[in-house]
Amino acid sequence: MENTNFVMIFLNWLMSFDRKALILAASAIGAGFAMIAGIGPGIGQGYAAGKGAEATSINPKTSKQAIMVMLIGAGIAETSGILALVVALILLFGNPLVGQSGSVLVIAASAIAAGISMIAGVGPGIGQGYAAGKGTESTGKRPKYQSTILRTMLLGQAVAQTTGIYALIVALVLMFSNPLLKLL
1 MENTNFVMIF
11 LNWLMSFDRK
21 ALILAASAIG
31 AGFAMIAGIG
41 PGIGQGYAAG
51 KGAEATSINP
61 KTSKQAIMVM
71 LIGAGIAETS
81 GILALVVALI
91 LLFGNPLVGQ
101 SGSVLVIAAS
111 AIAAGISMIA
121 GVGPGIGQGY
131 AAGKGTESTG
141 KRPKYQSTIL
151 RTMLLGQAVA
161 QTTGIYALIV
171 ALVLMFSNPL
181 LKLL
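The sequence shown lines up with residues 1 to 184 when you count with the working numbering.
Since the hints were made in silico from the structure, they are not lab data. Hints are not guaranteed to be accurate.
[Stated by the list, open to error] Straight-line Cα separation of at most 25 Å, PhoX-like style, residue types lysine-lysine; simulated pairs:
no., residue 1, residue 2
1, K64, K141
2, K61, K141
3, K134, K144
4, K61, K144
5, K20, K182
6, K61, K134
7, K64, K134
8, K64, K144
Working from the sequences, and respecting the hints, build out all of it.
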């Protein structure tokens with residue numbers, strides 16, 4: 001019973017704020033959450049760079065091929081971070097939620113949830129970076145198979161990005177065509 005009272009007190013306090021201010025505050029929180037997704041690409045790109053350095057140290061003659069595969073792979077590993085940045089920038093600069101009518105609580109929660117959904121980008125960033133690292137390592141060992149290795153790496157990275165794309169779709173739906181508001 002005491003927990004219910006606390007929740008009601010908190011919700012009443014929250015609803016005492018200006019509608020627009022509450023939505024903007026929730027959007028700022030959502031933008032911050034979205035940027036947590038940058039952890040994945042950071043780890044993945046670091047792994048790919050490490051494998052590039054390793055491949056170069058083992059076989060300096062293949063460094064150009066290994067570096068090219070590493071740079072392409074690391075660039076692709078950044079995509080989930082870029083998707084999260086897009087969501088954060090929409091929440092901060094082109095926020096469609098501010099003008100929506102309906103429950104301020106649902107709209108504010110949707111702003112936060114849009115950001116939280118982008119945390120799913122951590123996995124693709126790490127996975128794509130791992131693929132880039134292994135592609136770089138393999139190219140360093142067998143440079144004559146660079147094109148085959150690169151094709152295989154890119155295909156694997158494309159598949160690994162799917163959960164990041166799903167997260168982006170959920171975030172965009174919450175921001176632009178929120179079905180929850182229609183249920184009220």
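Now for the hints, and whether the structure bears them out:
no., hint, result
1, K64 to K141, "holds (12 Å)"
2, K61 to K141, "holds (10 Å)"
3, K134 to K144, "holds (16 Å)"
4, K61 to K144, "holds (12 Å)"
5, K20 to K182, "holds (20 Å)"
6, K61 to K134, "holds (18 Å)"
7, K64 to K134, "holds (16 Å)"
8, K64 to K144, "holds (12 Å)"
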